[in-house]
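A.B. asks: Here is what each chain is made of, one letter per residue.
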Amino acid sequence: MEITKKTEETAFLSLLEQYISIIVKIVNAYTYNAQDKKDLMSDIVFELWKSYPKFRGEAKVSTWLYRVALNIALKTKRKRDNNKLLFVDELIAFDTDAFIDSSDERSGINLLYKCIEELNPINKAIILLYLDDKSNEKIAEITGLSRTNVSTRLNRIREQLKVCMIKNEDYGN
Amino acid sequence: MEIDEIKNCWKEEDKRISENVRINRNVSFRKLHSAFEKVRIRRLLRLVQMCIFVPLILVLIVLPRLKNDGSALFYLGFVSFIIPVLFFFIYAIYYYICLLKIDFTVSLVKAKMEILRLERIDKRLNLSRFVIVPVVTFSVFKIFGIPLGQEAVIMLALIGLTMIAGFIKRKGLIPKEYGKLKSSWEELEEDEKTD
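Protein sequence lines correspond, in order, to chains A and B. First residue of the first sequence? That's 370 in this note's numbering, and the numbers climb one at a time after it. First residue of the second sequence? That's 20 in this note's numbering, and the numbers climb one at a time after it.
Mixed in with the good hints, there may be bad ones.
[Unchecked claim] DSSO-like, lysine-lysine: derived pairs with alpha carbons at most 30 Å apart: (1) 444(A) x 407(A); (2) 34(B) x 493(A); (3) 531(A) x 34(B); (4) 407(A) x 503(A); (5) 531(A) x 507(A); (6) 503(A) x 30(B); (7) 419(A) x 34(B); (8) 444(A) x 57(B); (9) 26(B) x 444(A); (10) 375(A) x 419(A); (11) 531(A) x 483(A); (12) 419(A) x 444(A); (13) 26(B) x 429(A); (14) 419(A) x 57(B); (15) 419(A) x 407(A); (16) 503(A) x 120(B); (17) 129(B) x 507(A); (18) 483(A) x 34(B); (19) 374(A) x 429(A); (20) 444(A) x 531(A); (21) 120(B) x 444(A); (22) 536(A) x 26(B); (23) 34(B) x 407(A); (24) 493(A) x 129(B); (25) 444(A) x 142(B); (26) 30(B) x 493(A); (27) 129(B) x 483(A); (28) 26(B) x 407(A); (29) 120(B) x 407(A); (30) 129(B) x 407(A); (31) 142(B) x 493(A); (32) 507(A) x 423(A); (33) 129(B) x 423(A); (34) 429(A) x 34(B); (35) 26(B) x 483(A); (36) 34(B) x 507(A); (37) 129(B) x 429(A); (38) 26(B) x 507(A).
FYI, nobody ran anything at the bench for these hints, they're computed from the structure. Note that the coordinates shown come from a computational prediction; the quantities given were computed from them, not determined experimentally.
Let the hints inform the model, and build the full structure from the sequences given.
C.D. replies: Below, the structure written as structure tokens:
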């Protein structure tokens, strides 16, 4: 029993390690300060671990992971527990502001995050999936929207994003 | 900046995170074992606490103090006390169980709809409290056989005033919140239908 639990934990952590960039990007797109980032990261990992036994290959790993992570990020009125769970080493990175670095080297990505920030929560989820090279069909599956709706929204969001990037670049110059 | 450039920028970010972020397995194992288990237990305890609290008050405080004079007013008071209390108790437990059972592995639209449904229940509970609390308070006087003297009337009046003030304050707020919930709900339903 103990061995099974241990194996399950190892498998879960390996999975988490493999897909950590997805979670970090979602956390960065939906939160704006270090404490919220930590909270959201913990909440997402907690929900993933909670639903892990149910998951076991019923859906594609990335679909399951995106759904849980985005659903938690979208749940604006998050019930916060008294004991904050600090989960992974990258929290050190949060503390050292590695994810909110504003050096010139990262100005492109900061600008992109800034423009993503202006979108509504569902559109934010759609563009994150799009930027991660997900097809319209996959985006529809994860969000529960129809394919037509996804494609219409994507056209609008891409345009919005382009305008925002150009506007902010000009402003920066 | 063109969309391809944006995508490249995003890919670089992905690469940077993958290279720089590492999970500390020792810490993680400990968290999976203890901290997450604690959260789970604490949530369950809250539910158990809720299930026990109301029946305990009814049995230990209300029942021993009942003064049945056999009058119709007593029974009327008893019914107008017990029905709202049980209604709130059962509805609150149902709401809490639903909260615990929210499934985040479903699509975003489905999860959002479930959250909106629960928000509506929460709002309904809040609103009906304003109507029910004065009735319950008044019925307490009847079933406990407390004479309606000057002090009791002042207390009742104060409770009534507080509820009226609360109701007035929320009167403008609640329809607005309902309106927001309704439009979000309709938008989501529309999103689901369109294809």
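A.B. asks: Confirm or reject each hint.
C.D. replies: We went through each hint and held it up to the structure:
With a C-alpha separation of about 16 Å, the suggested pair residue 444(A) and residue 407(A) falls inside the 30 Å cut-off, and the hint holds. Restraint check: the Cα-Cα separation between residue 34(B) and residue 493(A) comes to about 21 Å, which is no more than 30 Å; the hinted pair holds. The straight-line distance between the Cα atoms of residue 531(A) and residue 34(B) is roughly 23 Å, inside the 30 Å bound, and the hint therefore holds. Restraint check: the Cα-Cα separation between residue 407(A) and residue 503(A) comes to about 26 Å, which is no more than 30 Å; the hinted pair holds.
For the hint pairing residue 531(A) with residue 507(A), the CA-to-CA distance comes to about 23 Å; that is within 30 Å, so the pair holds. Distance check on the hinted pair: residue 503(A) and residue 30(B) sit about 13 Å apart at the alpha-carbon level, within 30 Å; holds. For the suggested pair residue 419(A) and residue 34(B), the alpha carbons sit about 28 Å apart, so the restraint of at most 30 Å is met. Only pairs whose Cα atoms come within 30 Å are accepted, and residue 444(A) paired with residue 57(B) is accepted, the gap being roughly 22 Å.
A threshold of 30 Å between alpha carbons decides the hint, and for residue 26(B) with residue 444(A) the separation of about 27 Å falls inside it, so the pair holds. Distance restraint check for residue 375(A) and residue 419(A): the Cα-Cα separation of roughly 15 Å lies within the 30 Å cut-off, and the hinted pair is therefore satisfied. A threshold of 30 Å between alpha carbons decides the hint, and for residue 531(A) with residue 483(A) the separation of about 12 Å falls inside it, so the pair holds. The straight-line distance between the Cα atoms of residue 419(A) and residue 444(A) is roughly 17 Å, inside the 30 Å bound, and the hint therefore holds.
Distance check on the hinted pair: residue 26(B) and residue 429(A) sit about 23 Å apart at the alpha-carbon level, within 30 Å; holds. Restraint check for residue 419(A) and residue 57(B): the C-alpha separation of about 13 Å stays at or below 30 Å, so the hint holds. Our distance criterion of 30 Å between C-alpha atoms is met by residue 419(A) and residue 407(A), whose separation comes to about 18 Å. Taking the CA atoms of residue 503(A) and residue 120(B), the gap is near 29 Å; set against the 30 Å cutoff, the hint holds.
Only pairs whose Cα atoms come within 30 Å are accepted, and residue 129(B) paired with residue 507(A) is accepted, the gap being roughly 16 Å. Between residue 483(A) and residue 34(B) the CA atoms are separated by roughly 20 Å; this keeps the pair inside 30 Å, and the hint holds. At roughly 22 Å between alpha-carbon atoms, residue 374(A) and residue 429(A) fall within 30 Å of each other, so this suggested pair holds. Taking the CA atoms of residue 444(A) and residue 531(A), the gap is about 27 Å. The hint holds against a cut of 30 Å.
Distance restraint check for residue 120(B) and residue 444(A): the Cα-Cα separation of roughly 14 Å lies within the 30 Å cut-off, and the hinted pair is therefore satisfied. Of the pairs offered as hints, the one joining residue 536(A) and residue 26(B) holds, with about 18 Å between alpha carbons and a cut-off of 30 Å not exceeded. Taking the CA atoms of residue 34(B) and residue 407(A), the gap is near 21 Å; set against the 30 Å cutoff, the hint holds. Pair hint residue 493(A) plus residue 129(B) holds up; C-alpha atoms about 17 Å apart against a cutoff of 30 Å.
The straight-line distance between the Cα atoms of residue 444(A) and residue 142(B) is roughly 17 Å, inside the 30 Å bound, and the hint therefore holds. Straight-line distance between C-alpha atoms of residue 30(B) and residue 493(A) comes to about 17 Å, which keeps the hinted pair within the 30 Å bound. About 28 Å separates the Cα atoms of residue 129(B) and residue 483(A), which keeps this hinted pair within 30 Å; it holds. Proximity of residue 26(B) to residue 407(A) is assessed by CA-CA distance (about 26 Å); at most 30 Å being required, the pair is judged to hold.
In summary, the hint linking residue 120(B) to residue 407(A) is supported, as the alpha carbons are separated by about 24 Å, within the 30 Å threshold. A hinted pair counts as satisfied when its Cα atoms are at most 30 Å apart, and residue 129(B) with residue 407(A) qualifies at roughly 26 Å. The suggested pairing of residue 142(B) with residue 493(A) holds, with an alpha-carbon distance near 28 Å, which does not exceed 30 Å. Our distance criterion of 30 Å between C-alpha atoms is met by residue 507(A) and residue 423(A), whose separation comes to about 21 Å.
Between residue 129(B) and residue 423(A) the CA atoms are separated by roughly 18 Å; this keeps the pair inside 30 Å, and the hint holds. With a CA separation close to 22 Å, the supplied pair residue 429(A) and residue 34(B) stays within the 30 Å bound. At most 30 Å may separate the alpha-carbon atoms for a hinted pair to count; residue 26(B) and residue 483(A) meet this at roughly 15 Å. Taking the CA atoms of residue 34(B) and residue 507(A), the gap is near 22 Å; set against the 30 Å cutoff, the hint holds.
With a CA separation close to 18 Å, the supplied pair residue 129(B) and residue 429(A) stays within the 30 Å bound. About 18 Å separates the Cα atoms of residue 26(B) and residue 507(A), which keeps this hinted pair within 30 Å; it holds.
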